[in-house]
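Peer 1: Same order as they appear, the protein sequences are chains L and D.
Per this note's numbering, the very first residue in the first sequence carries number 1457; after that it's consecutive.
Per this note's numbering, the very first residue in the second sequence carries number 1457; after that it's consecutive.
All the given hints hold, so there is nothing to weed out.
Repeated chains share a single entry, so a pair holds when one copy, or any two copies, can fit it.
List of simulated lysine-lysine pairs, PhoX-like, C-alpha gap at most 25 Å:
no., residue 1, residue 2
1, K1959, K1660
2, K1491, K1461
3, K1935, K1620
4, K1626, K1959
5, K1620, K1934
6, K1620, K1959
7, K1588, K1959
These aren't lab readings, by the way, just hints derived from the structure by calculation.
2 protein chains.
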Amino acid sequence: MTDIKDFTSQYGLVEKIDAFGYLDALKANPDAPRKHGKIVLVTADTPLMASRGEGKTTTTIALIDALNKRGIDAAAVLRQPSMGITAAGSKGGASGGGKASLTHPELIDWGLTGEMAAIAAAQNLLVSFAEKAIDEGRLDDILVPRVSEVPSRSLRAITVDAGKNNVAEKVVLTPTCELMQIVCLSRSMDEIGRRVAAMIAGTKDGKAVTFGEFIDLWRITDMLAGAVMPAKTETVNGSPVYVHGGPFANVSIGIPTLASVQMACSLHDVVIVEAGYGADAGAQKWLDIACREYGAQWPSAAIVVTRASTWRDDPELAWRYPFHVDRLEKLDIPTFPLVNLWDGEDDQIPALRDTAKELEFRDPIIGNLYRDGGEALAPQLDQFVDALVGGSMPAAPHSHKGMPLVENVRWIAEQAYGVPAERVVLKDGFASSLTEANELCMSAGVSLDDMAVVAVKSPATMTDNDRAGEDERTVTLKKVEVHAGAGLVHVNLTTSLTTPMPKIV
Amino acid sequence: MTDIKDFTSQYGLVEKIDAFGYLDALKANPDAPRKHGKIVLVTADTPLMASRGEGKTTTTIALIDALNKRGIDAAAVLRQPSMGITAAGSKGGASGGGKASLTHPELIDWGLTGEMAAIAAAQNLLVSFAEKAIDEGRLDDILVPRVSEVPSRSLRAITVDAGKNNVAEKVVLTPTCELMQIVCLSRSMDEIGRRVAAMIAGTKDGKAVTFGEFIDLWRITDMLAGAVMPAKTETVNGSPVYVHGGPFANVSIGIPTLASVQMACSLHDVVIVEAGYGADAGAQKWLDIACREYGAQWPSAAIVVTRASTWRDDPELAWRYPFHVDRLEKLDIPTFPLVNLWDGEDDQIPALRDTAKELEFRDPIIGNLYRDGGEALAPQLDQFVDALVGGSMPAAPHSHKGMPLVENVRWIAEQAYGVPAERVVLKDGFASSLTEANELCMSAGVSLDDMAVVAVKSPATMTDNDRAGEDERTVTLKKVEVHAGAGLVHVNLTTSLTTPMPKIV
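Using the sequences plus the hints, can you model the full thing?
Peer 2: The following block contains the structure:
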């Protein structure tokens, strides 16, 4: 029994799919029919302002509409927008717009069917269990943060148990927490349980204590039963869209769940995976974490979205867009520039094409996707479709497991930000933070160097000084934080905020 | 079009119903067929320990199974359990148990389809908007608390914006917040919008500022779109059960949503409404707030659940159970004692019946409902069914609108706790708290005396000194808090906690 219908349930206006069950069924029935969809990575230029999107989701929606119009069975896998920062704020819903829209964007914008909320509750429950463990003398301190789905600047630094023990805490946005990472990276509920058990709750006498040592795992996995099921919706033109996993590749991994992508590849010929903010955040994480370390499929093509204004208006930063396109091409991923126009910019198309030619890009895809949707793209996709259909099904490059952390970060800085190893600077305090993290891992019986590196950075800058000349740019490493359950080590770079908790704008 | 099916959508294993839409349709089609179900209030003895339920939900489930077995179309309306304190803790799921169970208790226990989470997010978003209003100089302070669905003792008192402005806050459990009260009391999304607009966000220059003065209401109502739809599930024996609205009649109103109850009355002949903790909390609030002030239907019968142990084991507190039964009888509500046995207590049935006789109770209904479910009740329901079927459809007594707050509280103390007006004591600070609340209301253009009183109290005590003689018991009023949007004024009594934020036990 490997019919996806048997794994699909109606939830109001969307469907939800038992992706774990479906993937298990495919595994158990190797001869059952399935597709082997190719992955297209939609990423973007580094935005000038993090609060104004380049239009990755709008592009993704227009693209599947255009491909389906050309007779290609294409689906998209989107990340669930962070309700607070997008829908509540001025940025918009992170669910496309105009003709490149979903049928029920309000559902996606305002919490879907409670996936993010369940993850928030489960992460906060872990903190409460840790608090109970402190009361019982099993733990001296807590290393997991509470989360909030609603942004609030005053939650960046809080003191809990005020007037008594006055414990300093920070609150992070739900999509950035370790439990969200675990949901994104796991292929089964068992794996989620194992990873939650391996999460470091805090320390006792200086040694790591994992949640597996004191909680009932079933409480957490029961809580996540609905959250692990991708939602299925569609574009206003009827193209299939799966929504699962949280955003924010600046401060976390920011990728859709691997299970939802794998499921989509079994059901469709082309699967668009959206990952951002810019390529330095989203694409880097999809390639170097999801593919290289967690077995996700390497992209058969990529699209790098920019605005004409992002590409054009700040000459000092104009190096970034071609850098991203070149980097992906060098990885043998056919990479297509896509310029998402604002109203009134149509007359700039010839100049944009000229610039693309000068830069030796593939022919750029250009359109006002909000206004025209997939229709603006369909006639421009010949080269893209040729590259995709004709291309191979590439394997991901080898893992970096075992590579010392600093070497790994230097490699990322060189590959993804164009800053060579010698200009990766260790800030005062970084060495001690690294030692501490190493000792914490050792006491938990795991190795820091076996973890995938999550570069925590500003969404709008690639280096310490993007406006400096190429030979002067540096990257500074500030501190290290271990997410042992997710198998990730966070390294805070450069201009990153220490707490990813925005305010409503 | 008044077929409930047209207002019902599948959400995984449960259904959700557009109750507002259905009630509107009935109103617009006065000749359309509908039922006029009678309400049975299931409440309980004051528990010896708040962490151990008497079994209201188990009773409610067993009761509808027993009534349906007798050919009576009976449904239950349950409150959605508070995920953290019940499912995560030792208390259990607040969704029945054993033979008196729901088909999918795990769904109800762990957040249903995100209703509570959406209300939490919306209430927290209101706080974030208020914070933005402070930044913009429109507000000097914030009077609405943040909420958490997960209990955590260290959230009882927190300091936010730590290291900068160091603002003291408390965090309350989601079900106790004003937005949950608004969802429970409103009959339409318009009413919710109006009530959110009337919520007092904080003050500017000493005067109340309401949310209507600075937020986009649609963001809050959009967020609540799914939360206002009751869920429909069923017992393992197939009896219909609606789940909607939050618990905790000790620190809030603790009633199911009025819309879900009204809807159920249009669909079934008998509707069981569950309200607790004890009758001094849940029944008092259903009668004096829901019915008297908000137009809910007055019960045609009541059942007061106790444990043999609660009734029997502490002679000093044994006055409470007959007090509750007598009080309801005096209100012309036929009231049936029900003793929910633990294992090994069957041999006590004759003694329990004797005691009931001495107290001049109606014949008590006695059974081990966990073990035997509705089968234990069905043969004992003759008197109950006679009273219910033969009884009238009573109107709620007149409103207390305009009654001065202290007089209103004294009336409640006398009626619901057996403490006469002269032994209702105003604690130091109460008078100034009342004056402050009055001034706040006046500056918002509303009158404190027009609001329904919510007595905030311990779930396990009725007075300052339940163990004292009847003539010595007192009730102390501590402070006043206004929920202008919900139209409620909270008065903290006696032993109430100042912050209803438990820890995980």
